Amino acid sequence: MPILENVNPEIHQKASAREITHAEEDDDVVDEIDGREIFDLIRNINDPEHPLSLEELNVVENSRVHVDNAQNRVMVDFTPTIPHCSMATLIGLSIRVKLLRSLPNRFKVDVRITPGTHASEEAVNKQLADKERVAAALENSHLLEVVNQCLSSNKTSSE
Amino acid sequence: LPKDFLTIKEVELLVNFFSDRLKDHHSVTPHVLFGLLAMSTFTHLPPGSGQQMVKEVSKEVHVQSLAQADRRSAYSILINLLHTKMEELKPMGADFVYNFIQTMDGERDPRNLVLAFNIVPVIVQNFPIGMFAEELFEVTSCYFPIDFTPPPNDPHGVTKDELVLGLQRCMAATPLFAQYCLPLLIEKMTSDVQSAKKDAFHTLAKCTETYAAKDFQEFLSSLFMCMKREVLSGVSEMVEGAALSALTAVVSVLSTGVQQKNSETLLDGFLKDIIKDCRHHLTQPELKLMYPSGKLLQAAAAGSDQACCIILREIIPLLLEQFHKHTQVLNRRSVLDVLLGFIKISKRFNGSDEKNPVAEYKDAIMPVLFSLLSETNFLLRCAGLTGIVGMLTLTGVTSEEEQCLAAEHMLKLVLEDTDSSVRTEATTALTFISSELTWIVCKIVLPKLVEYLKIDFMETDQSSPHFSSGYLLNTLAAISVHKDIIQETVPILYQQLEDLTNRPATDYSEAELCLNCIANIVQSSVQEKENLDFFYEDLLQKLLKISLQSFINYLSRTEHVLWKQDILLKLCSVIRTICQHLSQRQGEEMVKNVLAVYVEGQSHLWLGGAEAEGAFKPLQASSPWQQTQALHVFLAVICALHQNVLVPSLYSLLDMLVNLTLQLSHSLSQLGTVKCLAGLINKAPQGTELDSYLESLKQKLETLLNTRVESGQHQGAALVWQWVTKALVLRGHPISGKFVEKMMTFFENSNLNKLAADGFYIVMAEFDDVMTKHMHAIIRPLYKQRFFHLTLPGLIQGFNSTIADRKQFYLTALSYLLRFVPKQVLLSELPPLVPLLVQSLLIEEVSLQLSTMTTMYDLMHDAPLILGEYLDTLIPKFLKLSRYEPSMKVRIAALQCLGMMTTLPQHLTTPHQKTVVRELAHPLDDKKRLVRKEAAQARGEWYLLETMQK
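Chains as they are written, first to last, in full-length UniProt numbering: chain R, 1 to 159; chain G, 1 to 950.
These are calculated hints, taken from the structure and not from any lab test.
It is possible that part of the hints are untrue.
Stated by the list, open to error - Distance windows between CB atoms, simulated:
#1 R:E25 - G:A615: 40 to 50 Å
#2 G:Q824 - R:E24: 34 to 44 Å
#3 R:E24 - G:I186: 50 to 60 Å
#4 G:K448 - R:S16: 30 to 40 Å
#5 R:S120 - G:E134: 55 to 65 Å
#6 G:Q495 - R:N69: 46 to 56 Å
#7 G:E209 - R:S152: 34 to 44 Å
#8 R:S152 - G:D566: 44 to 54 Å
#9 R:S152 - G:I866: 19 to 29 Å
#10 R:E24 - G:S667: 31 to 41 Å
#11 G:R348 - R:D26: 50 to 60 Å
These figures come from a predicted structure and were not determined experimentally.
For each residue, glycine too, the CB sits at the ideal point set by N, CA and C.
Starting from the given sequences, assemble the full structure and let the hints guide the process.
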C-alpha cells in the first residue's frame, strides 16, 4: 500500500439529498440548472487517496459552485486538504472530466483551486484551464484509468 | 435391504471375506471398500469387527491413490464406525489418529474434505492426539483459508460456507492446536487477501470457544495489532466487523480465566495496552481515527463485565473531559457519538455483584445530556435525545425523577422545537418511553397533549405549522404502543373524528389524518387480545354507527366527510383490520348484525334512538349513491372474517350482489359490490351447492355478454365475470378454467376488447381490501404461475393473428402478466416474449411503455444474456424514448434502462458506446432536472465501460 500523505484527514458532514419539489415533477415547468445540481454531480467523486468522497473531505462545497445560465458558464472552486497535496491536479482533472461528461456542451467550465489554499495554486490552475493539456492528459490511458477510478460510483454506498 | 437383515454370524463372515480381499489385486479394492461400507451400516456388527475393518483398511489400502468415490467410501466407513463402534475403536488410541492422518493427507476433493472435516473434531474429542497434534493440525490447516468456488450447476451442492465452517471446527477443536493455530491466523491476518483476513478473524472467534486464556498469552499483542490495523484503515466493512467480534471474543475468554491465578494480569495487561493505543485518538475528535478507536474499545468492553468496568472507568471521564474542552459542534458531536456507543455497550452489562459502571458517572453525564437539549445546533439536540434514551435503557441507572424529567423534556421538544428532525427524534424517544415506562407517559405526557389539543381546537388559526392539531394527533398515535395508553388515546382520536363529521363544512385532510392515526394504532396493536377486545367492543361499533349515520342522512346534507372516497376507504380499512382478527364467536355476531342492518334494513339496531331521515337500502340500485357505496363497509366486515364464520342464506345474497353490480352506474359502489361478491364466492364452502350456483351464474352472464344490449350491461357483466374468475382462480376451483377461457375471447369482441386486459390485472394484482391472506381468503399456492402458463400461449397466438388495432390490448394484458408473475417463472419463458416487449415500446401509450421499461430494467439484471441479444434494436428505441416530449417519466425510465445496460456483458455493449455517449448529450440539457440527473448518471456509466473492461 502506498504511503498516504495525509493519514488522518478531517471528515465533514454530508449534505442531505436534495428534496424533490412539485415543480420538478410537473412536466410543463422548466427547471434551470443551478449550483446545487452541479454540486450533486461532483460531490460523490472519490478522493484518489481515501475511501471518502470529495464532499466528506470538504474539497468541494456547495457555496463554491457558481452557475450563470445566461452566459453558459460554470465555475467550480475546490480546496485541497493540505497545501502541498500532490493530488490537486488529479482531483481538478476528475472534476473537470465529470462535468465534461455530465453537462450540456453549451457550458464553459472553469475548475480552479480556492484562492490561497495550495502552494502551487497558479501552476495547477493553468494546467486545468489549458484545454489542450486536458485533452492530452485524457489520451494517456493510465491517467484516464485513474480518473475513471475516481468517477466510478460505488453503487451500494452512494445510493 | 433393512439394516438388520443379516445376523451377526453372516456379517462376520462377510467382513472376514472382504478384509481378505483387500490383500488381493489392487483393482478389486474399490469394490471391496464399497462392500465394507455396506457392512459398516449394519446393526448386527460382531464385536471386534469394527477394529478389524479399520486396521485392515489402513494396512492394505493407500487411500489417497484411489479415485474420489472410493476415497469417499473409506471416509464413510470411518464415520459410520466412529458413530456406532466408538467404544471398540478407542483402545486403538494414537494408532487410529496416525492412520487417519495418513488417510486424509493430500485430499483434494471438496466433497471428501467436508467428510474429513467432520471426522477431525470427533477424533480430537475421543482419542489421545498428544504426539500427533502438530501433524493432525498440519493436514487440516493446510487448507486454510478455503478458496473454493463451486462450479456453476454443481450437482453435489458443496458450498464454500460448508467447507469454511467445517475447517473452523477442526482448527478450534482442541486447545492443543493453539500453539500452531494462532501463528497461522496471525500470518493470514497480515495477508493482502480480504477474504483470508475475514476467515482468520472468524476462526479466531471460533477458537475462543475451546482455547483457554493462557493459550492466547504470547500472541495477544500481535493479534491486537492485526485487529487495530483492519479497524483503523476501514477498508472493508466485512473484515472490520470480523475483527471487532474476534476482539470481543478474545476479551471474553481472557475474562473467564480471571478466577484462576495469574490470569488477572493477563486481562488487565491486554486492556491496558488497548486503552493506551486508543486514548490518544479519542482526544482528537476532529480527525478520522476517533470513531474506529472508539469501536475497538467498545468491542473490547463488550467482551465481559470486568472488561466493561475497566474500560468505561478509564474512558468515560476522558470523553467527558473532551466534551467540555471542545467547543466546535462537529467535534462535540463526535465525542458524544462515541460516548453513546459506550453507553450502549454497557447495556450488555449484567454483573450481579457490581453496579453498571456507567452509574458511577451518571451524575456527570445526565446534566451534560440535558444541557444539550437546549443547544442551538440541532445535531447536538438530537445527540442529547439519543443519549438520554440510551441512559434510560440501562437498568437501575436512572432514578424516577430523572425519568420524569426526561419525559417532560422530550415532550417539550416534540411540541416546541423548530427543527423537524429533532421533533421526529423526540417523538421516537417518547414512543420508546411509552413501551418501557408506560406510567410516566400516562402521568405526564398524555394530560399535556390533551390539554394542547383542546387549546388548538378553540383557536383554529394557530400560526406555527408544527403545532397543528394534525401534528398533535400524530404524536398521540406514535406513543400509543401500550394498552393502557391506547385505551386513552383511541377515544380521544375518535371523538375528534366525530366532531369533524358534525361540522357542516370540513377540512377533509384533518379527518383523513385522524383516521390515519387510528388506522396506524389499530394496525400495530390489534394482535394483542386485550386490544382486540377493546377495539371490537368500542371502536368498531362506533365506527359502524357513525358511518351508517352518514349514509342514511343524505337528504339534509350536501356533503359529508364520510362520503368522500378516500376517507370512506380509510374508514373501511380500519374496520377490516379489526374484523380480520375477530374470533369465531365475535365474527358470527358481526355477520348477524351487519346482515340485519344492510340486507334487512333494520338500521335502528345500530342507531338506537338517533335520528334517521329514511330507510337504509344499500342493496338497491335505485338508492342514492351515498347509500350504495356503503357496500364498501359491508365488504370490509363480511369478507374479512374467518373462513369458519358462515354467512346465512349466502346464495340469495350473492344473487342480490350480482344484480346490483349489473345495474349500478356509480363506479365506486359498483366496485365495492363486485369485490364483495368475489370475496364471498372465494370463501364459499365447497360442494354441489356452490358448483351448481356457479354453473347458473356462468350461463346467466354468458347470455348477457352475447346478446346485443346497450353497453352498460355488457360492461357490468364483464366486470362480474373478471372478478368471479379471480375468486375461482385463487381458490383453484375446477370451473375456473372455463371462466379463463371465456375471458380470452373478450379481446376479439368489439364491445369488450378495451376491457379485456383489465381482467388480467384483476386476476394477477393483489388488492388489499379483498381476497388477501390476511382476510382469510382461500388462496391456492402458485396460482399466479398457473394463470400465467394457462393464458400465455393464447395471448401470444392472439397477438400474432389479430388485426393491428387490437394488438395493443394483448400487449397490455401481457404487461400485467409480466408485472406480477414471479421472476423465476418469467425467466424460463422469456426468449419468445422479448420481441413482444420490444413491440410494446413502440405503442404510444405511456402506461404500457412505462410498465414495459420497468420489466426490461429488471430483466437486464436477471437475464442479461437474453436481453443482450436485442441490444441492436433496444438501444435506438430507448434513445428515442429518452427524448419523448410528452412525459418525463418515460424519459427517466428510458435513461435508467440505458444506464442499467452497462451491466450487460462488455462485448455486447462496447460496440454501442460511441453512439450512446453521443446521443446522451441531448438529454443532458433536458428542461427537467430529474431527467438531467438520470442522463448524467447513464452517460457517466457508459463512459466508464472501458475501465471496467480491464
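R:S152 paired with G:I866, Cβ distance criterion 19 to 29 Å: holds (27 Å)
Tell me if the beta carbons of G:E209 and R:S152 are separated by a distance inside 34 to 44 Å. Given range 34 to 44 Å: holds, Cβ gap about 41 Å.
Quick one: are G:Q824 and R:E24 within 34 to 44 Å, going by C-beta? Holds, at about 37 Å.
Evaluate the given range 31 to 41 Å for the C-beta pair formed by R:E24 and G:S667. With Cβ atoms ~33 Å apart, the hint holds.
Range first: 40 to 50 Å. Now tell me if the beta carbons of R:E25 and G:A615 are that far apart. For R:E25 and G:A615 the Cβ distance comes to about 47 Å; the hint holds.
Range first: 30 to 40 Å. Now tell me if the beta carbons of G:K448 and R:S16 are that far apart. Distance hint for G:K448, R:S16 holds at roughly 31 Å.
Outcome of range test on Cβ distance (R:E24, G:I186; 50 to 60 Å): holds (55 Å)
When you take the CB atoms of R:S120 and G:E134, is the distance between them in 55 to 65 Å? holds (60 Å)
Taking 44 to 54 Å as the hint, is the beta-carbon distance of R:S152 and G:D566 inside that range? At roughly 45 Å between Cβ atoms, G:D566 and R:S152 fall inside 44 to 54 Å, so the hint holds.
Tell me if the beta carbons of G:Q495 and R:N69 are separated by a distance inside 46 to 56 Å. 54 Å Cβ-Cβ, so the 46 to 56 Å window holds.
Falls inside 50 to 60 Å, the C-beta gap from G:R348 to R:D26? holds (52 Å)
The structure meets every hint from the earlier list without exception.
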